[in-house]
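**Q** Residue strings, one per chain:
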Amino acid sequence: MIRRFVGAVGAALGLVAGLWLMLAPVALGTQAAGLDSDWSDPTITEFVSGAVLAVVGLIGLIAFALAIRDEAVRRGLVAGTREVPDPEAGAAPVEPAVRDVAASEDERVADLLTPLVRALAEDLNGPRNGAHQRGGEYR
Amino acid sequence: MSGRTKLGVTCLVVLLLGGMWLVAAPFVVGYQPLDKPWSDAIRNDVITGATLAGISFVALAVYTGDLLRELTRRGKER
Numbered sequence: 204m205i206r207r208f209v210g211a212v213g214a215a216l217g218l219v220a221g222l223w224l225m226l227a228p229v230a231l232g233t234q235a236a237g238l239d240s241d242w243s244d245p246t247i248t249e250f251v252s253g254a255v256l257a258v259v260g261l262i263g264l265i266a267f268a269l270a271i272r273d274e275a276v277r278r279g280l281v282a283g284t285r286e287v288p289d290p291e292a293g294a295a296p297v298e299p300a301v302r303d304v305a306a307s308e309d310e311r312v313a314d315l316l317t318p319l320v321r322a323l324a325e326d327l328n329g330p331r332n333g334a335h336q337r338g339g340e341y342r
Numbered sequence: 013m014s015g016r017t018k019l020g021v022t023c024l025v026v027l028l029l030g031g032m033w034l035v036a037a038p039f040v041v042g043y044q045p046l047d048k049p050w051s052d053a054i055r056n057d058v059i060t061g062a063t064l065a066g067i068s069f070v071a072l073a074v075y076t077g078d079l080l081r082e083l084t085r086r087g088k089e090r
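From first to last, the protein sequence lines stand for chains A and B. In this text, residue positions in the first sequence follow this note's numbering: the first is 204, and each later residue adds one. In this text, residue positions in the second sequence follow this note's numbering: the first is 13, and each later residue adds one.
Everything labelled a hint here was simulated from the structure, so no lab data went into it. Mixed in with the good hints, there may be bad ones.
With the Cβ distance kept under 10 Å, some of the chain A side facing chain B (calculated, not the full set) [as the list claims (entries may be wrong)]: (1) 216; (2) 273; (3) 275.
Remember, it's a predicted structure, so these values are computed and weren't measured experimentally. Here a beta-carbon is modelled for each residue, glycine too, at the ideal position from N, C-alpha and C.
Chain B on its own, in the form it takes in the complex (with noise of 0.2 Å):
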């Protein structure tokens, strides 16, 4: 894994927990208290965060796949 890659990477796991902390952010924070409704802004911190976290896990278990398809190919022609 080059350098570039590892950067790469690391910023999609960044982006990960960013999108986890915008989720959990208006609740540990105590801008939204739980039984009250959300109001838009919440709603699209919340919707914003969830989408970010779920295509950076998409993003990293794919390159995670490929690459573990990778070794296996390679362990396979030694």
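Pulled out of the complex, with its shape left as it was, chain A reads as follows (with noise of 0.2 Å):
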């Protein structure tokens, strides 16, 4: 959660330094205030970007809270609505039955499975593997 709420610090101070991009060439005295003086090319270009840079740090900053906020509904730490399920955890849970049915059939395999490693291991480390080793005849 740490991560989205530097997330949702970063976007409101670049919420922030939009609004003061727009207040700037009237706070530092280089564009008269009024409506009625003309604005410079630069104002104008100024105040234009510091628009557009608070427009998306106030989307980033919602969303960034709204992802806070659904992490709190997961983990239980806010009541919501409704179940959110964890984006990054990869696949969807795996129901009760549908895990049953994997477990029966990781152990069907591990039956099968376990004789044959049980041979081969017997047919590795056994007399006839030595006598073959010693030039004897193998068959």
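Need the complex rebuilt from these two chains, each delivered in its own frame; the hints are there to steer you.
**A** Written as structure tokens, this is what we have:
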């Protein structure tokens, strides 16, 4: 959750920076205040750039705030109207019945493979292998 | 990563690019020659843009680092 919080703080500071860019020409005195004064090209550019950055920062702040809320609901920290699945957990949670079928399938495969592996181990470590290494006949 | 988080990260990337543009714009557009002293407006643009780009970069770095840490933790649990 901390990364979403850091993202929200960054977006909020972007919003503040955008608002400052909109106000700066008047605040710094490079542009006369008032609606009747004509704005110079740099003032218009700065105002529009600030507005765009402020809107982007606001969208990011709202998006991260909603993501934090979803995470809080998923963890049970906040009562939510619906259960939010963890999008970073990969696949959806497995139903118990499906999990049981998968477990029994694994056990059956293990039952089939265990004698085979045991026979292979005996074959590799058994006396016939030793006879073969000593030059004996192997059939 | 949910859609909301993706949107937030995209906004941070846009803020980073916007801050970098604010720093570079006076020189790219030609408002400010390199050999002349800076006006107050140019200084404000450069400082604001650098601050914005720095904040966005740090936020993105922290986000990426924490995401990688969580992925590593989940990989060890499996």
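**Q** Hint by hint, say whether it matches the structure.
**A** Okay, the hints, checked on the actual structure:
For residue 216 of chain A, the shortest C-beta to C-beta distance to chain B is roughly 5 Å, which falls under 10 Å, so the interface hint holds. Interface hint at residue 273 of chain A: satisfied, since its Cβ lies 7 Å from the closest Cβ of chain B, which is below the 10 Å cut-off. Annotation: residue 275 of chain A was flagged as interfacial toward chain B, and the flag is violated, the nearest CB pair being 13 Å apart, outside 10 Å.
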